[in-house]
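J.: Okay, here's what each chain looks like letter by letter:
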Amino acid sequence: MTARRDWLIEQMRQLLVEKLEVRVPVTEIHARTPLFQGGLGLNSFAVVDLISQLEQRFQFQFREADFREEHFRDLQSLADLLESYHPAGLMALKEATA
Amino acid sequence: MYGVKRKTCDRESGYTWDILLRFINFEERRCLMSWLDRFAAHPAGHVLTDGRLSVNYAELPEALARLEAGASGSAQGGPVIIAGQNDVGTIIAVLSCLLSGRSFYFWRPTMDLRDSTLPWDDLPEFCTTAIIARCDNATAVANVRYEFISRAEDTDVSSRQAVPYIYLGTSGTTARPKLAAYTSERLIGNAVNCVRRFQITAEDRVLLPLPLAHMYGFGAAFLPAVLAGASFRLLPTVNLLTFLQAEREFDPTVVFLTPALAHQLITARKQGKRYRLTAMGADRIDPESFARYEERHGCTVCVYGSTELGAIASGSPDDSFERRQNSSGHLLDDVQLAACPDDHADGSATLCFVHPFGMSGYANSRGEPELPADLFRDGVYLTRDLGELDAHGDLHVRGRRDDCVKRDGYLVAFADVERALESLPGVSRAIIMGGEATPRGIALIAFCVMEERPCTATELRRACLTHLPDHAVPDQFVILDQLPLLSTGKPDRRALHSLLTTNTIDS
Chain A
1 MTARRDWLIE QMRQLLVEKL EVRVPVTEIH ARTPLFQGGL GLNSFAVVDL ISQLEQRFQF
61 QFREADFREE HFRDLQSLAD LLESYHPAGL MALKEATA
Chain B
1 MYGVKRKTCD RESGYTWDIL LRFINFEERR CLMSWLDRFA AHPAGHVLTD GRLSVNYAEL
61 PEALARLEAG ASGSAQGGPV IIAGQNDVGT IIAVLSCLLS GRSFYFWRPT MDLRDSTLPW
121 DDLPEFCTTA IIARCDNATA VANVRYEFIS RAEDTDVSSR QAVPYIYLGT SGTTARPKLA
181 AYTSERLIGN AVNCVRRFQI TAEDRVLLPL PLAHMYGFGA AFLPAVLAGA SFRLLPTVNL
241 LTFLQAEREF DPTVVFLTPA LAHQLITARK QGKRYRLTAM GADRIDPESF ARYEERHGCT
301 VCVYGSTELG AIASGSPDDS FERRQNSSGH LLDDVQLAAC PDDHADGSAT LCFVHPFGMS
361 GYANSRGEPE LPADLFRDGV YLTRDLGELD AHGDLHVRGR RDDCVKRDGY LVAFADVERA
421 LESLPGVSRA IIMGGEATPR GIALIAFCVM EERPCTATEL RRACLTHLPD HAVPDQFVIL
481 DQLPLLSTGK PDRRALHSLL TTNTIDS
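Residue numbers (our numbering), protein chains in the order written: chain A, 1 to 98; chain B, 1 to 507.
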């Protein structure tokens with residue numbers, strides 16, 4: 001469980017740096033770093049990019065009701081949300097590491 | 001003073017329009033006060049809210065009085081700066097100044113205001129005091145704290161102006177924004193036009209996910225909503241998440257958007273949500289995106305306007321889909337298209353208007369309005385846009401007048417090249433900018449945003465050759481994932497220009 005959570009957060013850190021071109025070194029992005037104000041400062045467009053990148057990488061679709069600030073506060077809260085979907089991308093990893 | 005002719009209302013928005021007619025036609029101050037009196041008559045459930053704090057119309061006079069009491073002694077009667085944050089505290093400050101006949105610059109800060117250090121050098125010298133609403137720790141409107149900050153100790157010597165003005169900053173595509181000075185009658189006249197065209201009634205719930213301190217948000221959305229007695233919701237921070245959250249909580253009937261925000265909704269959201277009306281302003285939306293947006297969100301109208309004139313034209317909910325999709329709508333009441341003294345030889349005309357509710361002028365260093373001779377001639381305002389009215393009276397905006405260059409002896413309008421590029425498969429948006437001088441004229445640089453289909457600069461250039469004459473084919477192509485935008489939703493040309501100095505050009 002912990003290993004999977006760590007892997008998930010690591011995947012999202014890389015995604016932020018590689019795909020969203022966040023101007024913060026990957027080493028400074030932690031599970032509790034705010035994604036918006038006072039943290040990475042993601043703008044309105046980056047949120048839309050983040051959503052589609054996550055869906056693509058983990059092979060699932062967000063429910064619109066989950067588009068809420070509290071779920072997108074930081075990587076920790078995003079990981080909680082993603083795990084609730086049991087996305088295919090995560091399940092594959094679970095099997096591989098079992 | 002400009003009067004509004006009594007006209008038959010298109011729709012049964014009865015009581016609202018009656019108030020507005022009285023408001024416009026009577027002596028200003030008295031009518032403003034009658035507006036205040038009418039707040040109490042609005043239904044109690046109708047609120048102005050930022051999602052955290054709310055005030056209903058019946059509570060407004062008390063909230064305004066509380067601010068007035070706090071202001072006495074802290075600031076003299078001269079023009080003030082209101083820090084335009086998207087919160088209820090700011091709404092109360094704005095209404096207070098508007099109703100008490102005090103001049104104010106509705107400033108849109110770009111920095112964090114928590115430490116109270118204001119960039120006084122960038123703020124108009126005729127304003128010596130700034131008002132900042134502090135809503136963070138407030139649990140109710142009564143607890144909002146107002147901070148009055150002076151430029152320096154004992155400098156608040158400005159006196160009340162004979163004619164109070166509301167100053168709104170221009171978009172800031174170029175350096176320091178100019179300040180458009182409006183009398184309250186003209187701003188209200190503009191708002192009346194918007195109430196009528198958008199058919200806003202007290203039953204509407206108006207959502208504004210855009211900056212309040214801007215002509216579009218303030219003049220076309222906020223003031224019309226308040227005049228109509230509608231509920232109104234602001235977003236303190238704007239992104240897809242906050243928008244959807246506000247939508248769920250507030251259940252809006254009218255939404256004011258920019259094409260950029262509309263694209264985000266089309267891209268990310270999973271299901272549609274229909275509003276009575278969406279007003280799409282600040283920039284033009286391509287017909288295909290318009291259709292996709294309307295299919296999910298219902299009746300949409302394009303709004304055309306400027307900081308200098310306010311709302312100029314808009315579609316109406318009564319218009320057919322085709323008219324709303326393909327034009328910026330028809331002129332608002334009492335606005336007229338005027339002949340332009342400087343028409344281009346190629347037939348595209350500069351849009352010029354006679355507008356009864358336009359600004360009084362740009363503020364000079366004393367805050368007095370001055371009409372620039374290059375923009376106003378004999379009561380006619382020359383925009384920088386090209387376009388025309390069609391046989392139905394619908395306005396088609398073709399691009400910017402100053403975005404033209406001579407190449408190979410031909411005049412090339414950037415708007416024409418942009419349209420040609422946008423007609424190519426895979427190109428969702430194109431912006432043309434002028435580059436350095438070349439032997440054939442100023443270089444054309446194309447910034448293209450692509451849809452899913454990747455496309456190289458070479459392919460784009462080849463495609464252009466079949467759609468454009470040689471002299472209009474761009475010299476360089478820059479392919480972008482998204483267009484940098486100002487907070488108003490317009491392309492950020494300065495940011496685009498700065499891209500030219502980096503190494504991202506694919507030529």
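Bear in mind the hints are in silico, worked out from the structure with no lab data behind them. Glycine is no exception: its CB is placed at the ideal position from the N, C-alpha and C atoms. Be aware that one or more of the hints could be misleading.
Residues on chain A that point at chain B, a partial pick, calculated with CB under 7 Å [to be verified]:
#1 Trp-7
#2 Ile-9
#3 Val-47
#4 Val-48
#5 Gln-53
#6 Glu-55
#7 Phe-58
#8 Phe-60
#9 Glu-64
#10 Arg-68
J.: Does each hint hold? Answer for all of them.
T.: Results for each hint:
This hint is violated: Trp-7(A) has a C-beta 25 Å from the nearest C-beta of chain B, more than the 7 Å allowed. The beta carbon of Ile-9(A) comes no nearer than 20 Å to any beta carbon in chain B, farther than 7 Å, and the hint placing it at the interface is violated. Nearest Cβ of chain B to the Cβ of Val-47(A): about 5 Å, under the 7 Å cut. The hint holds. The interface hint given for Val-48(A) is met, as the beta carbon of that residue sits about 5 Å from the closest beta carbon of chain B, less than 7 Å.
Given hint, Gln-53(A) at the interface with chain B, is violated; its Cβ is 11 Å from that chain's nearest Cβ, farther than 7 Å. The restraint placing Glu-55(A) at the interface with chain B is violated, with a minimum CB-CB distance near 10 Å, outside the 7 Å limit. With its C-beta approaching chain B no nearer than about 16 Å, Phe-58(A) sits outside the 7 Å limit, and its interface hint is violated. Checking Phe-60(A) against chain B by beta carbon gives a least distance of about 12 Å; that is not within 7 Å, so the hint is violated.
Against a cut-off of 7 Å between C-beta atoms, the interface hint on Glu-64(A) holds, since the closest Cβ of chain B lies about 4 Å away. At a threshold of 7 Å, the smallest CB-CB gap from Arg-68(A) to chain B is about 6 Å, leaving the interface hint in force.
Hint compliance for this structure: hints 1, 2, 5, 6, 7, 8 are not met, and every other hint is.
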